[in-house]
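Chemist: If you want the building blocks of each chain, they are given just below.
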Amino acid sequence: MSSFLSVRDLKVHFPTVDGIVKATDGLSFDLEKGKTLGIVGESGSGKSVSSSAILGLHRKTSAIVSGEILLDGTDLLKLSDEQMRRRRGKDVAMIFQDPLSAMHPYYTVGNQIGEAYRVHHNVSKKAARARSIEMLDRVGIPQPDRRVDDYPHQFSGGMRQRAMIAMGLINNPSLLIADEPTTALDVTVQAQILDLLQDLQKEFESAVIIITHDLGVIAEMADDVLVMYAGRAVEVGTGKEILTHPEMPYTWGLLSSVPDVTGDTDSRLIPIPGNPPSLLNPPSGCAFHPRCTHRDKVPGDLCVTTLPDLVPGTRTETHLKRCHLANPDAIFEQEVLPEIAPDLVEEQR
Amino acid sequence: MLAYVIRRMFVGVIMLIVMSLVTFVLFFASPIDPGRYACGKNCSAAQIKQTNKSLGYDKPVIVQWTDFLQGVVKGRDYPDDPELRAAAPQLVTHCPAPCFGYSVVNTKTVNTLMKEAFPVSLSISLAALVLWLFFGVLFGVIAAVKRGTIIDRGIVAIALVLYAFPAFFIGLFLLKFVAIKWQLVDVPVYSPIAEGGVGMWLTSLLLPGITLAVLYMAGYVRMTRAFVLESMGEDYVRTARAKGLKSRRVLFKHSMRAALTPLVTLVGLDFAGLMGGAIITETVFNYNGLGKLAIDANNTNDLPTIIGLVLLLGTFVIVANIIVDVLYAVIDPRVRVG
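In order, the protein sequences belong to chains A and B. All residue numbers for the first sequence refer to the working numbering, where the first residue is 1 and numbers rise by one. All residue numbers for the second sequence refer to the working numbering, where the first residue is 1001 and numbers rise by one.
Here chain A stands alone, though its shape is the one from the complex (with noise of 0.2 angstroms):
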């Protein structure tokens, strides 16, 4: 029994003068009903891509897509384009980060989500904008009969995303990506968003992909969690296995470099030094080598020669990481810990 979204050595690949993008190389996951996947790792990581590509958003004359996706049983990749565009955005439907530039400037908030309902539905323009009126009030807009006429920019950012939402779940998709739906927003709204989404999941009981660099936003949401780099998962696990004990030196910076405002003001952010490796030229062995700052633990030069396996971790078989280091856990808790959390330490202690 396969389940309901199951992604097969996805690769999303971009010819160009100077050679292949290989801005996804060979992702694969799972994700049930109901559940929700967070798919984490810096920008140019290819979430957004592998994202796309399940919606077959990708044209066929830039990119070349190969792989599996199945939803539902049925592989995405093997339909017609027009059997594809049937399908996009009624069973998968796309929240996109920055709700301003995704919305249309020149036509009404209404106009645009009731457009993405009658693709789908042989309903009148009528039916359509009541029941875009609906979908306004259930993501909480205030007076959604008369904002429906509004244009995008006389919305809030929180509003516009509210009715990004709309749009997208207005079709009842079995399937929502989100990518980055709070990046654009201020905080107090990131969090009223990420609930609004939560209940409508639970609502619509939709399969979720939330794609984000926002660890907060993983350990709020995310059941299954998938770190990303340089188009591959480098680690895979549930929320809580990724976010109490990674054992992937990549996601230890991601988590060093979130802030914490409840720590002490002296302890210091850590980022991970240099910059996302090139996608054309991607560096020999894991990928992550030149940045690494625990190679000097791995023998030899496995990590410039070898690129790992996505193995099971030292603690559970659903944990999945892409390193060479012997012994992760150990290190994270005694070097890596101490440096991110120092209180959290000393309590256990």
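Since the hints were derived computationally from the structure, they do not count as laboratory data. Where hints are given, some of them may not hold.
Mimicking SDA-like on lysine to any residue, the simulated pairs with C-alpha atoms at most 20 angstroms apart in a straight line are [unchecked claim]: (1) A:Lys125 - B:Lys1053; (2) B:Lys1146 - A:Ala63; (3) A:Lys240 - A:Asp329; (4) A:Lys60 - B:Leu1206; (5) B:Lys1246 - A:Asp91; (6) A:Lys125 - A:Asp145; (7) B:Lys1246 - A:Arg85; (8) B:Lys1253 - A:Ser101; (9) B:Lys1246 - A:Asp81; (10) A:Lys60 - B:Val1237; (11) B:Lys1253 - A:Asp150; (12) B:Lys1146 - A:Lys33; (13) A:Lys60 - B:Val1250; (14) B:Lys1146 - A:His121; (15) A:Lys126 - A:Arg146; (16) A:Lys60 - B:Ile1142; (17) B:Lys1053 - B:Phe1024; (18) B:Lys1246 - A:Leu77; (19) B:Lys1253 - A:Arg118; (20) B:Lys1146 - A:Thr16; (21) B:Lys1253 - A:His121; (22) B:Lys1246 - A:Arg118; (23) A:Lys60 - B:Arg1238; (24) A:Lys60 - B:Lys1181; (25) B:Lys1146 - B:Val1237; (26) B:Lys1146 - B:Ser1247; (27) B:Lys1181 - B:Leu1206; (28) B:Lys1146 - A:Phe14; (29) A:Lys60 - B:Glu1230; (30) A:Lys90 - B:Arg1249; (31) B:Lys1246 - A:His121; (32) A:Lys60 - B:Ile1151; (33) A:Lys33 - A:Thr318; (34) B:Lys1146 - A:Pro15; (35) B:Lys1146 - A:Ser62; (36) A:Lys125 - B:Ile1151.
Use these hints to put chain B onto chain A, whose structure you have.
Modeler: Just chain B now, kept in the frame of chain A:
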């Protein structure tokens, strides 16, 4: 909105006044003696002086300019001589307000000259506008949709070649081969609607219209292509695709609407400029439009006509600018509401 338009028109009038002053000063900065031109080659120095006096060229530039402005507001008599008016009123031409001057060379008021020439220029511009806008946008969109293919490359290459041809070459080519040698159409002679009807009018505009349109079309193909391609990369177009809209609807409703907005500005200004006279095309086809009037006025140092034309063209551009800005507010709700 109304207040905005009024404010813009007020600024426009000030600009026109400044333009008229600059034209006056530039004209008198040249070493040419206008009286000599008006009087003729065999005039004696005294006769030239007399001519200059009767035309008012002997007064200081600034006085001439204020006289001109007065004429625009109140109208003027040419020559403005009370004695002559009393003795021989048939020799005095009255030019009612707004009077833009009297062309001695043509022995007509500038208003009459422009009134005769304007319909010709307007007709040619309209014909060219329809052709270039339709084909320019059509081929531009096709090139954008088929980007990277042989169709796209072909359209862009042809547009570039056409763009490189000067107007007189295309005009002469059409005149010499299409009209005279192959006799596919009659040699074009301008025919007003009032005389030959709409059919004749359109036929007479075919070749001049094509000549002008080819040049503008080439530019519009490239611009439309660039604007459409740019809008296709916008986030909201991705959103439209993510909704599952058909690609045709994504193109026409979401992509094109945004892409064609900047074209409105260009069309407005280009059309306004053309209405002021397509100098080369009118000369090649010998159509007596504003462009040809301007060339003739320059060749005969006909100051009043030059000033009249400069101001008329300036008015077109200023009015077109205001119309374009108002249109923008109609198209783009962000400008409209706030």
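Chemist: Look at each hint and say if it fits the structure.
Modeler: Each hint, compared with the structure:
1. A:Lys125 - B:Lys1053: violated, 75 angstroms
2. B:Lys1146 - A:Ala63: Satisfied, since the Cα-Cα distance of roughly 16 angstroms is no more than 20 angstroms.
3. A:Lys240 - A:Asp329: Distance of about 14 angstroms is within 20 angstroms: holds.
4. A:Lys60 - B:Leu1206: Cα-Cα ~43 angstroms, so violated.
5. B:Lys1246 - A:Asp91: Distance ~16 angstroms between Lys1246 of chain B and Asp91 of chain A Cα, so the pair holds.
6. A:Lys125 - A:Asp145: Since the Cα atoms of Lys125 of chain A and Asp145 of chain A sit roughly 15 angstroms apart, the hinted pair holds (cutoff 20 angstroms).
7. B:Lys1246 - A:Arg85: holds, 7 angstroms
8. B:Lys1253 - A:Ser101: holds, 16 angstroms
9. B:Lys1246 - A:Asp81: Given pair Lys1246 of chain B, Asp81 of chain A holds - Cα atoms ~10 angstroms apart, limit 20 angstroms.
10. A:Lys60 - B:Val1237: Holds: Lys60 of chain A and Val1237 of chain B sit about 17 angstroms apart, inside 20 angstroms.
11. B:Lys1253 - A:Asp150: Distance of about 18 angstroms is within 20 angstroms: holds.
12. B:Lys1146 - A:Lys33: Status violated; Cα separation ~40 angstroms.
13. A:Lys60 - B:Val1250: holds, 17 angstroms
14. B:Lys1146 - A:His121: Judged against 20 angstroms, a Cα distance of about 30 angstroms means the pair is violated.
15. A:Lys126 - A:Arg146: Given pair Lys126 of chain A, Arg146 of chain A holds - Cα atoms ~15 angstroms apart, limit 20 angstroms.
16. A:Lys60 - B:Ile1142: Holds. Lys60 of chain A to Ile1142 of chain B sits at ~18 angstroms (cutoff 20 angstroms).
17. B:Lys1053 - B:Phe1024: Distance ~17 angstroms between Lys1053 of chain B and Phe1024 of chain B Cα, so the pair holds.
18. B:Lys1246 - A:Leu77: Roughly 18 angstroms between the alpha carbons, so the hint for Lys1246 of chain B and Leu77 of chain A holds.
19. B:Lys1253 - A:Arg118: holds, 14 angstroms
20. B:Lys1146 - A:Thr16: Distance of about 18 angstroms is within 20 angstroms: holds.
21. B:Lys1253 - A:His121: Satisfied, since the Cα-Cα distance of roughly 19 angstroms is no more than 20 angstroms.
22. B:Lys1246 - A:Arg118: holds, 12 angstroms
23. A:Lys60 - B:Arg1238: Roughly 15 angstroms between the alpha carbons, so the hint for Lys60 of chain A and Arg1238 of chain B holds.
24. A:Lys60 - B:Lys1181: violated, 50 angstroms
25. B:Lys1146 - B:Val1237: holds, 17 angstroms
26. B:Lys1146 - B:Ser1247: Judged against 20 angstroms, a Cα distance of about 13 angstroms means the pair holds.
27. B:Lys1181 - B:Leu1206: Cα-Cα ~17 angstroms, so holds.
28. B:Lys1146 - A:Phe14: holds, 19 angstroms
29. A:Lys60 - B:Glu1230: holds, 18 angstroms
30. A:Lys90 - B:Arg1249: Judged against 20 angstroms, a Cα distance of about 17 angstroms means the pair holds.
31. B:Lys1246 - A:His121: With Cα atoms ~14 angstroms apart, Lys1246 of chain B and His121 of chain A stay inside 20 angstroms; holds.
32. A:Lys60 - B:Ile1151: holds, 18 angstroms
33. A:Lys33 - A:Thr318: Measuring from Cα to Cα gives roughly 18 angstroms; hence the hint holds.
34. B:Lys1146 - A:Pro15: holds, 18 angstroms
35. B:Lys1146 - A:Ser62: holds, 13 angstroms
36. A:Lys125 - B:Ile1151: The given pair, whose Cα atoms are some 38 angstroms apart, is violated under the 20 angstroms limit.
In summary, the structure is inconsistent with hints 1, 4, 12, 14, 24, 36 from the numbered list given earlier, while agreeing with the others.
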